[in-house]
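Asker: Read off the chains here:
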Amino acid sequence: MKLRVDYKASLRLVGTVLKYLAVPLCFPLVVALYYGESVIPFVVTMAVTVLVGMGLERLAEDPDIGAREGFLMVAATWFAVTLVGAIPFLIEAHGVPFVMAALHPESTLGNPANALFETMSGFTTTGATVLGDISFESHSRSIMMWRQLTQWLGGMGIVVLAVAILPELSVGGAQLMDAEAPGPGIEKLTPRIAETARALWGAYLGLTVLEIVLLYGLHVTGNAPNMDVYNAIAHGLTTMPTGGFSPEARSIEAFSAAAQWVIVPFMVAAGTNFALFWHVLTGDPKRLVRDTEFKSYLGIIGVISAILAGVLFLGDGLASAAPAAGTFDQTYLETVQTAIVGNVEPSLRQSIFQVVSIVTTTGYASMDFNAWSAPTQYGLLFAMFIGGSAGSTGGAIKIVRWYVILKSLRRELFTTAHPEAIRPVRLAGRAVDERAIRGIYAFTLLYLVMFFVSTGLLHLDAARIGFELSVLESMSAVAATLGNVGPGFGVVGPMGSYLDFSNSSKLWMVLLMWMGRLEILPVFVLFTPEYWRR
Amino acid sequence: MRVVIVGAGEVGSNIASSLADAHDVVVVDVDADRVEELNYSLDVLAIQGDGASIETLEEAGVGDADLLIASTDHDETNLATCGTSKVLGEAFTIARVKQVGFLRTWERTSSAFGVDFMVCSNLLTAEDIVQIIGLPAAVDVEWFANGLVQMAEFELGPDSPLVGQTVSEADQFEFLTFAAVLRNGDVELARGDSTLAAGERVVVIGPPERVHQFALTASPAAASDDTESVFVVGGGEIGYQTARLLQERGINPRLIEEDPERAREVAESLSKTLVLQFDATDTDALERENFDSADAVVAALESDQENLLVSLLAKRLGVKQTIAVVETGEYRDVFEAVGVDVAVNPRVVTAEEITRITREETTEKLTFIEDDRAEVIEVEVSPDSALAGVPIRESIPKLPAGVVVGAIARQRDLVSPRGDTVIEVGDHVVLFVDAAIAEEITAAI
Numbered sequence: 001m002k003l004r005v006d007y008k009a010s011l012r013l014v015g016t017v018l019k020y021l022a023v024p025l026c027f028p029l030v031v032a033l034y035y036g037e038s039v040i041p042f043v044v045t046m047a048v049t050v051l052v053g054m055g056l057e058r059l060a061e062d063p064d065i066g067a068r069e070g071f072l073m074v075a076a077t078w079f080a081v082t083l084v085g086a087i088p089f090l091i092e093a094h095g096v097p098f099v100m101a102a103l104h105p106e107s108t109l110g111n112p113a114n115a116l117f118e119t120m121s122g123f124t125t126t127g128a129t130v131l132g133d134i135s136f137e138s139h140s141r142s143i144m145m146w147r148q149l150t151q152w153l154g155g156m157g158i159v160v161l162a163v164a165i166l167p168e169l170s171v172g173g174a175q176l177m178d179a180e181a182p183g184p185g186i187e188k189l190t191p192r193i194a195e196t197a198r199a200l201w202g203a204y205l206g207l208t209v210l211e212i213v214l215l216y217g218l219h220v221t222g223n224a225p226n227m228d229v230y231n232a233i234a235h236g237l238t239t240m241p242t243g244g245f246s247p248e249a250r251s252i253e254a255f256s257a258a259a260q261w262v263i264v265p266f267m268v269a270a271g272t273n274f275a276l277f278w279h280v281l282t283g284d285p286k287r288l289v290r291d292t293e294f295k296s297y298l299g300i301i302g303v304i305s306a307i308l309a310g311v312l313f314l315g316d317g318l319a320s321a322a323p324a325a326g327t328f329d330q331t332y333l334e335t336v337q338t339a340i341v342g343n344v345e346p347s348l349r350q351s352i353f354q355v356v357s358i359v360t361t362t363g364y365a366s367m368d369f370n371a372w373s374a375p376t377q378y379g380l381l382f383a384m385f386i387g388g389s390a391g392s393t394g395g396a397i398k399i400v401r402w403y404v405i406l407k408s409l410r411r412e413l414f415t416t417a418h419p420e421a422i423r424p425v426r427l428a429g430r431a432v433d434e435r436a437i438r439g440i441y442a443f444t445l446l447y448l449v450m451f452f453v454s455t456g457l458l459h460l461d462a463a464r465i466g467f468e469l470s471v472l473e474s475m476s477a478v479a480a481t482l483g484n485v486g487p488g489f490g491v492v493g494p495m496g497s498y499l500d501f502s503n504s505s506k507l508w509m510v511l512l513m514w515m516g517r518l519e520i521l522p523v524f525v526l527f528t529p530e531y532w533r534r
Numbered sequence: 001m002r003v004v005i006v007g008a009g010e011v012g013s014n015i016a017s018s019l020a021d022a023h024d025v026v027v028v029d030v031d032a033d034r035v036e037e038l039n040y041s042l043d044v045l046a047i048q049g050d051g052a053s054i055e056t057l058e059e060a061g062v063g064d065a066d067l068l069i070a071s072t073d074h075d076e077t078n079l080a081t082c083g084t085s086k087v088l089g090e091a092f093t094i095a096r097v098k099q100v101g102f103l104r105t106w107e108r109t110s111s112a113f114g115v116d117f118m119v120c121s122n123l124l125t126a127e128d129i130v131q132i133i134g135l136p137a138a139v140d141v142e143w144f145a146n147g148l149v150q151m152a153e154f155e156l157g158p159d160s161p162l163v164g165q166t167v168s169e170a171d172q173f174e175f176l177t178f179a180a181v182l183r184n185g186d187v188e189l190a191r192g193d194s195t196l197a198a199g200e201r202v203v204v205i206g207p208p209e210r211v212h213q214f215a216l217t218a219s220p221a222a223a224s225d226d227t228e229s230v231f232v233v234g235g236g237e238i239g240y241q242t243a244r245l246l247q248e249r250g251i252n253p254r255l256i257e258e259d260p261e262r263a264r265e266v267a268e269s270l271s272k273t274l275v276l277q278f279d280a281t282d283t284d285a286l287e288r289e290n291f292d293s294a295d296a297v298v299a300a301l302e303s304d305q306e307n308l309l310v311s312l313l314a315k316r317l318g319v320k321q322t323i324a325v326v327e328t329g330e331y332r333d334v335f336e337a338v339g340v341d342v343a344v345n346p347r348v349v350t351a352e353e354i355t356r357i358t359r360e361e362t363t364e365k366l367t368f369i370e371d372d373r374a375e376v377i378e379v380e381v382s383p384d385s386a387l388a389g390v391p392i393r394e395s396i397p398k399l400p401a402g403v404v405v406g407a408i409a410r411q412r413d414l415v416s417p418r419g420d421t422v423i424e425v426g427d428h429v430v431l432f433v434d435a436a437i438a439e440e441i442t443a444a445i
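Those sequence lines, one after another, are chains A and B.
Residue 1 is where the first sequence starts when you use the UniProt record's numbering, and the numbers rise one by one after that.
Residue 1 is where the second sequence starts when you use the UniProt record's numbering, and the numbers rise one by one after that.
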């Protein structure tokens with residue numbers, strides 16, 4: 001059978017990306033040198049990625065990328081970097097034969113399924129973890145920094161970065177970025193696609209650096225004792241990509257209120273369309289306040305936060321008693337009760353931080369929201385489906401899609417009364433193409449179908465191995481991985497982990513994260529026979 | 001250079017794709033589907049909107065642009081676009097028009113309509129047609145260096161004596177350069193040992209009399225020394241201009257126009273043209289006028305179908321050379337495949353001229369070969385050129401592969417381009433260049 005897809009051309013470009021993956025690997029290597037840790041996990045990974053990359057590059061000489069090859073290239077790139085990115089974790093747990101003994105044999109990432117899960121969770125900026133113990137006793141600082149860096153690389157997009165740097169991707173670049181970038185379609189900002197990609201990465205890099213400086217500034221001025229240089233960099237690397245990994249077991253709860261307040265605006269920025277920052281910087285700041293999606297985004301965050309802040313302030317938002325076995329105990333519950341109930345600043349901060357973290361799909365937590373009451377938790381579960389803006393680093397369904405869906409549903413109601421009426425759906429005054437609306441419906445439906453099917457599968461698989469899982473837990477686990485949020489509720493809560501799932505469930509969630517990041521279609525289409533056939 | 005192109009039809013997209021490699025290109029079109037398609041197929045920024053409206057032009061960044069090309073199908077829109085762009089900034093404006101009247105107005109004061117350069121597609125097409133008449137077997141003819149050098153593309157018929165010869169055997173004319181062989185749509189630089197086959201096309205560059213000699217050798221049967229009887233079918237703008245230019249060349253054509261009023265108009269302004277008023281598909285009338293013994297027939301009717309019909313009819317009646325105007329670019333190959341000698345597309349002709357203007361500084365003249373797979377360009381050699389002051393055999397290998405020096409004009413004389421010829425500053429050099437490296441070459445020279 002002759003394939004219609006020129007898979008060699010796609011894999012060739014994957015090879016180029018793999019080859020350049022050696023460059024970001026230098027960063028944890030430097031960290032390792034600084035702390036006097038072993039550099040072998042990174043040196044070996046660099047060697048592997050360069051060799052495999054150069055091997056793949058020999059497959060085709062002058063790749064011609066069409067729409068089909070574009071999908072394959074993007075989907076394969078994400079899978080390939082995940083495979084390579086998992087190598088340092090595996091080496092840390094197993095060592096390298098004849099060269100180095102295992103550094104931390106107790107690491108849960110010694111299990112390949114776990115290593116794959118953690119890396120995919122990193123690159124897709126999910127932030128769901130399978131680490132048994134988040135501490136520098138069981139993982140070296142350089143390995144933990146690599147875990148943070150995977151999220152930063154995945155945030156604005158590996159392929160977008162490749163388009164920005166590699167001239168050979170200039171012609172098919174728009175196609176590739178379209179397959180990778182969150183939201184329906186991309187917005188070219190400049191005549192050259194590489195310049196657009198560079199502008200987006202520039203804004204991303206700038207905001208990351210600004211956050212690191214501000215966080216470290218708090219530490220220096222004595223307002224955030226735990227936010228040392230390492231932590232400032234580590235959290236800077238996972239806020240802007242809406243990642244959510246933290247080298248602290250208690251996530252952002254480990255830091256002062258001031259540090260938590262500083263992180264909030266950066267999470268909000270991360271969930272904003274980066275094209276808007278470009279417009280602001282190039283002298284058109286009005287675009288930001290005129291943008292329908294941005295206004296809806298701030299509105300949604302505002303409304304949900306206000307409601308949750310209210311119930312937390314009144315005390316109805318917290319659980320009445322700690323469960324017999326869970327991620328928190330009665331003492332913790334009583335501590336947070338005294339801190340939050342009746343106090344304006346803490347209830348506002350806890351509510352805003354959690355809502356922003358979930359809506360933007362970051363996945364940080366400034367407290368264990370397992371200690372919230374069931375209704376407030378359902379509120380957060382609902383927020384997991386909203387997602388950030390199109391063109392942001394956030395996951396899930398995205399504000400603009402919901403906006404178009406709601407408007408077109410309203411049109412359906414209107415045309416029931418006025419069957420002859422022609423009413424285009426408008427987005428910021430511009431009519432939205434009917435084909436685009438159909439695409440948005442299809443995506444959302446596919447997303448929800450994936451959600452329900454996967455919830456059922458996880459539940460069954462958990463029952464098979466005798467792992468007790470409530471419906472809310474399994475629903476939140478799927479919503480959090482498919483939406484690239486990270487933490488869910490109960491066992492998979494912000495202070496918990498996905499470790500107890502079976503390997504098969506974990507691999508399924510690896511698929512969910514992969515699909516979620518690339519917005520389902522580019523991955524899904526690879527599994528249809530029509531895609532491959534002539 | 002930032003270039004804004006308004007109108008992404010055949011002309012606009014053609015120009016956009018040839019400029020996108022070296023310049024920042026923004027394309028504006030009213031058709032949303034075409035805009036989306038362009039955004040993905042070319043590395044350009046495509047914007048949907050009306051090019052004559054100031055908001056759209058502002059969005060396209062005309063204020064900072066260096067060049068604006070108005071190439072929609074509507075003359076008035078193009079003129080309005082250029083005028084609007086002058087409100088926003090200093091961009092050099094190029095307008096494409098069909099009506100010669102606009103060109104004449106513009107020629108009086110070259111700032112009319114806010115247009116800095118005007119390209120009249122009908123006039124260019126007529127000029128193209130007139131150049132080909134008289135060189136049977138030629139598919140394309142262009143003049144360079146003020147008429148000193150001619151470039152011609154010939155198709156080798158099955159009875160051509162050159163079939164079966166190698167390039168070095170066929171290349172026996174002094175001053176004539178064998179630039180390339182076109183096989184199945186591929187452009188191949190001429191190598192001495194490659195054998196020529198029927199149906200292939202060759203591109204030669206040299207003085208006109210040598211090109212004519214070559215034409216006689218290439219297809220002795222079809223060639224004739226003088227063209228006397230030419231029929232122009234269709235009295236539209238292209239037909240009218242063709243007849244006018246033929247008159248100027250001393251050939252008095254016959255022009256067939258069906259519409260009595262238009263026929264009278266043409267007859268009044270063209271005194272030496274015999275204007276005939278009947279339907280061009282009326283074979284009896286054609287027979288009366290000895291249509292079958294014509295040396296050349298130009299089909300310049302409104303529709304492609306009619307032009308095809310007329311040319312095939314002429315071919316069947318034994319006309320030596322048939323030239324048809326074809327509005328739809330994709331049909332050009334089909335026309336030539338079914339037997340029309342030359343199909344001329346006004347849009348390609350226009351795109352050639354506009355692309356040339358965009359390289360104004362170095363390029364004096366430019367023509368596309370095989371829908372811009374290759375180009376023949378004329379440049380005046382400047383002191384910092386890679387060609388200046390060194391023998392050809394040393395300068396060419398330093399340039400990207402895919403260049404042939406076709407001819408060198410020094411003052412009013414031709415210099416034969418051999419390996420040891422030293423090109424001097426001020427020489428006009430005619431080069432055959434692979435389109436992929438054209439921008440690179442023009443920059444280096």
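The hints are simulated quantities; they were obtained by calculation from the structure and are not laboratory data.
These numbers come from a predicted model, not from an experiment.
Glycine included, C-beta positions come from ideal geometry on N, C-alpha and C.
Mixed in with the good hints, there may be bad ones.
Calculated Cβ distances over 12 angstroms to all of chain A for the following chain B residues [what the hints assert, rightly or not]: (1) Arg-2; (2) Val-27; (3) Leu-38.
Chain B side only, calculated, beta carbon under 8 angstroms to chain A, not exhaustive [claimed, not checked]: (4) Ala-22; (5) Asp-24; (6) Val-26; (7) Val-30; (8) Val-35; (9) Asn-39; (10) Tyr-40; (11) Asp-43; (12) Leu-148.
Asker: Could you run down the list of hints and mark each one as holding or not?
Answerer: Structure-based check of all given hints:
Its closest Cβ contact with chain A, about 7 angstroms, brings B:Arg-2 to no more than 12 angstroms, contrary to its assignment away from the interface. Not every CB of chain A is more than 12 angstroms from the CB of B:Val-27 (nearest about 9 angstroms), against its label as outside the interface. Non-interface status of B:Leu-38 relative to chain A is broken: a Cβ of that chain comes within 12 angstroms, the nearest being about 10 angstroms off. A cut of 8 angstroms between beta carbons decides the hint on B:Ala-22: the least distance to chain A is about 11 angstroms, and the hint is violated.
Among the interface hints, the one on B:Asp-24 holds; its C-beta lies about 4 angstroms from the nearest C-beta in chain A, closer than the 8 angstroms criterion. Nearest Cβ of chain A to the Cβ of B:Val-26: about 5 angstroms, under the 8 angstroms cut. The hint holds. Proximity of B:Val-30 to chain A is violated relative to the hint, the smallest CB-CB distance being about 14 angstroms (cut-off 8 angstroms). Checking B:Val-35 against chain A: minimum C-beta separation of about 11 angstroms lies over 8 angstroms; hint violated.
At a threshold of 8 angstroms, the smallest CB-CB gap from B:Asn-39 to chain A is about 6 angstroms, leaving the interface hint in force. A hinted interface residue such as B:Tyr-40 counts as satisfied when its beta carbon comes closer than 8 angstroms to some beta carbon of chain A; here the least separation is about 5 angstroms, so the hint holds. The interface hint given for B:Asp-43 holds, since its Cβ lies 5 angstroms from the closest Cβ of chain A, which is under the 8 angstroms cut-off. Restraint check, B:Leu-148 versus chain A: the minimum CB separation of about 39 angstroms is more than 8 angstroms; hint violated.
The structure fails to meet hints 1, 2, 3, 4, 7, 8 and 12 from the earlier list, while all remaining hints are met.
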